[in-house]
Amino acid sequence: MRQTDRAGSTPDSRATAGVTAVREHRQRLRAWIESRTDELKEFHGAVYRTAEAALGAGRLLTRLLYDHGWGRTGWPVQAGGLGGPPVLRSVLYDELERAGYPAPVQYEMLETLAPAVIRFAPDLAARLLPSALTGEATWAQGFSEPEAGSDLASLRCRARREGDEYVLSGQKIWSSQGVGATRMGTLVRTGTTESRHRGLSMLMVDLSTPGVEVRPIRYANGHNELAEVFFDGARVPADRLVGDEGQGWAVAMYLLQFERGNYAWVRQAHIGRLVAELAAHTAPDTPAAAEVGAAWLAQQALRLRCGRTVQRLGAGEVAGAETSIDKVLLGTAEQRVCDAALSLRRPEFLFSDRDADEAWRSDWFYTRASTLYGGTAEIQRTIIADRVLGLPREGS
Amino acid sequence: MDADETRLLTESLRALFAETSDPEGLPVALAELGWDEVTAEHPAAEALLFEEQGRARAVSGLLDGVVLRELGAPPTAAVAYRLGTGGDLFEPAAPVVDGTVRLDAVLRAVGPRASIVVPVAAPEGTRVLRVPSADVEVKEVAGLDPDGGWSRVTAALDPASAEPAPLWGQAVAAGRRALAAELVGLARAALELAVRHVTDRRQFGRPVGGFQAVRFRLAEVAVGIEAAAEAIRVAFADGGPLAAAVAKALAGAAVDRAVRQAAQVCGAMGLTWEFPLHEVMRRAYGLDMLFGDWETLTADLGRHVMAAGTLPQLDPFSVPAL
Numbered sequence: 000m001r002q003t004d005r006a007g008s009t010p011d012s013r014a015t016a017g018v019t020a021v022r023e024h025r026q027r028l029r030a031w032i033e034s035r036t037d038e039l040k041e042f043h044g045a046v047y048r049t050a051e052a053a054l055g056a057g058r059l060l061t062r063l064l065y066d067h068g069w070g071r072t073g074w075p076v077q078a079g080g081l082g083g084p085p086v087l088r089s090v091l092y093d094e095l096e097r098a099g100y101p102a103p104v105q106y107e108m109l110e111t112l113a114p115a116v117i118r119f120a121p122d123l124a125a126r127l128l129p130s131a132l133t134g135e136a137t138w139a140q141g142f143s144e145p146e147a148g149s150d151l152a153s154l155r156c157r158a159r160r161e162g163d164e165y166v167l168s169g170q171k172i173w174s175s176q177g178v179g180a181t182r183m184g185t186l187v188r189t190g191t192t193e194s195r196h197r198g199l200s201m202l203m204v205d206l207s208t209p210g211v212e213v214r215p216i217r218y219a220n221g222h223n224e225l226a227e228v229f230f231d232g233a234r235v236p237a238d239r240l241v242g243d244e245g246q247g248w249a250v251a252m253y254l255l256q257f258e259r260g261n262y263a264w265v266r267q268a269h270i271g272r273l274v275a276e277l278a279a280h281t282a283p284d285t286p287a288a289a290e291v292g293a294a295w296l297a298q299q300a301l302r303l304r305c306g307r308t309v310q311r312l313g314a315g316e317v318a319g320a321e322t323s324i325d326k327v328l329l330g331t332a333e334q335r336v337c338d339a340a341l342s343l344r345r346p347e348f349l350f351s352d353r354d355a356d357e358a359w360r361s362d363w364f365y366t367r368a369s370t371l372y373g374g375t376a377e378i379q380r381t382i383i384a385d386r387v388l389g390l391p392r393e394g395s
Numbered sequence: 000m001d002a003d004e005t006r007l008l009t010e011s012l013r014a015l016f017a018e019t020s021d022p023e024g025l026p027v028a029l030a031e032l033g034w035d036e037v038t039a040e041h042p043a044a045e046a047l048l049f050e051e052q053g054r055a056r057a058v059s060g061l062l063d064g065v066v067l068r069e070l071g072a073p074p075t076a077a078v079a080y081r082l083g084t085g086g087d088l089f090e091p092a093a094p095v096v097d098g099t100v101r102l103d104a105v106l107r108a109v110g111p112r113a114s115i116v117v118p119v120a121a122p123e124g125t126r127v128l129r130v131p132s133a134d135v136e137v138k139e140v141a142g143l144d145p146d147g148g149w150s151r152v153t154a155a156l157d158p159a160s161a162e163p164a165p166l167w168g169q170a171v172a173a174g175r176r177a178l179a180a181e182l183v184g185l186a187r188a189a190l191e192l193a194v195r196h197v198t199d200r201r202q203f204g205r206p207v208g209g210f211q212a213v214r215f216r217l218a219e220v221a222v223g224i225e226a227a228a229e230a231i232r233v234a235f236a237d238g239g240p241l242a243a244a245v246a247k248a249l250a251g252a253a254v255d256r257a258v259r260q261a262a263q264v265c266g267a268m269g270l271t272w273e274f275p276l277h278e279v280m281r282r283a284y285g286l287d288m289l290f291g292d293w294e295t296l297t298a299d300l301g302r303h304v305m306a307a308g309t310l311p312q313l314d315p316f317s318v319p320a321l
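Protein sequences appear in the order of chains P and A.
First residue of the first sequence? That's 0 in numbering that gives the first Met the number 0, and the numbers climb one at a time after it.
First residue of the second sequence? That's 0 in numbering that gives the first Met the number 0, and the numbers climb one at a time after it.
Pulled out of the complex, with its shape left as it was, chain P reads as follows (with noise of 0.2 Å):
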């Protein structure tokens, strides 16, 4: 009954045997880690004040990562890495999170980005993701328009062929560390307007490139989180598609499964070291329990279940529709931790100005939008009400 290779092993053994190499990656880590206490130094518990510092900030240690080898691992060969599986990628921004040091944002966007391109255009991954993961090019995402939020269907952004080349010609917004991007993977519309999805195409842009300009956003907690990009006659390479003219809606899709999959899992790792903070520094009264208890729960259940994403699509699983349920355990999770802070720590949440209490209102403030990006709360329970339950189409 059971599949047997000529190696004589099982897929169970094969699943033991990845359990095995992921716990010994662990172990590697964090031994290195500890021993590294000095080199790390400048990182540890770092609070930035700025979206430029953090990227900063991001940069250094991504480099530093890099040259030792972890930065690569888990990352295919072909494309600067040290091949692999994926999920060794999730381990080092667990293990940087657990040991105090912020996971550089840079990987986030790489996290959400990278799987796709590396699929649909690996020529393209090999030319462009070494110097992602030297930390020296940023990679930003632009989807959303100012009239194609929610519905990305009907973005307007237009890319017209010319020879070699696509002519850029529309507006970007809400791309995360648009500010000082080197490029931004780029979802533009190559058919008709009334094409809706299927006249979508993925270019990355390079945001140097003559006809682009990126304005910074200012976010609600004072940082310049997001950009708008604004496209005036640029000229981008016909090479920097990722897939086919045309297929831009299902890269967008297949690039919204890692979304939940390893971004999901550095939110995760980074909330389970505010949860650390926050129990580390509030006296553990009966209310305090349980509002930390019910914290690190929700914590802990979107790290089982994006886990087992980052799993599945390790494997080349598609996850589909039952990724939203991922996706609202992410803004759950993220709102409920930092909401304990300003329940628990309530006069220095609103009235002190310690670098620490500055952190707890700038991620929390940030984390106002988790229930937006890639897909708002809303857009999430109907695709569950549709696609997982199966219930009456809304208005039907």
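It should be emphasised that the hints constitute simulated quantities derived from the structure, not laboratory data.
Backbone N, C-alpha and C define an ideal beta-carbon position, used for all residues, glycine too.
Hints may contain errors.
[Said to hold, decoys possible] Stretch-level coverage of chain A by chain P, calculated; a stretch enters the list once three of its residues show a Cβ under 8 Å from a Cβ in chain P:
(1) 193-201
(2) 304-310
(3) 313-320
Chain A: place on chain P using the hints.
Just chain A now, with coordinates in the frame of chain P:
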């Protein structure tokens, strides 16, 4: 277990619970199914058994069987599930006050039992008293869940003959995993009732399940259920007490959310005696209380996290992907 094996087992168990109404006949039916061989090869199949028990709202002594097995005790006893809170998160046990064990517990056993196993929170660690059933008063109790087969036992006992029980924590963990699965089964039952109702029931010329407010409530229910289901999967593979407590807390929260939302979207119909939702509610809250209700567990887990030097984290990568 691969997806096909899981599906086949689930179908067999569902049929088994549908055909076996007599709780005492259940062990026989499971033996015929070769259940012991199944769990010998796949310990996690126990989750399917309890999930289906929950879905069927069946009453059995299966939970006692799991707890006693882990404890290394004969299956002829009944387990006393303490009603109070407080004490050790991982080893709930009856407190000793002024040299006397204050027992206030419920039994989940089916049929007569020779003795009752009473875990006792002794200063040197958990111990277990085996009390002859004849020595204490066991009263059947209807309470919230009249069809649940519950009995309540209160007694003041002498702890002198209690024996060390180093396996009690392990037994609690196994019981919590089984209970979590049963609670998820109940939550799925509530969700299925609600989905069917909002699909069939029409108002304003369309199914009420076509209204966003209704759809969102049920989507929330699905999120809670799947989070708990994943925690149960990890808890069975992990085997430890922390993962088991997390699974049970999430499952209790999931079923609490499920029955509340179902009660809303099923309208007045959902709250009639003939509509089975109240039966799901009754069983769910009863079972949630065993080994710690979800709200108490949440606070206790919070205390555990706050007392730990490093943040405790469950590891999904310690479990092979399916």
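Cross-check of the supplied hints:
no.	hint	verdict
1	193-201	holds (count 3)
2	304-310	holds (count 6)
3	313-320	holds (count 8)
In summary, the structure agrees with every hint in the numbered list given earlier.
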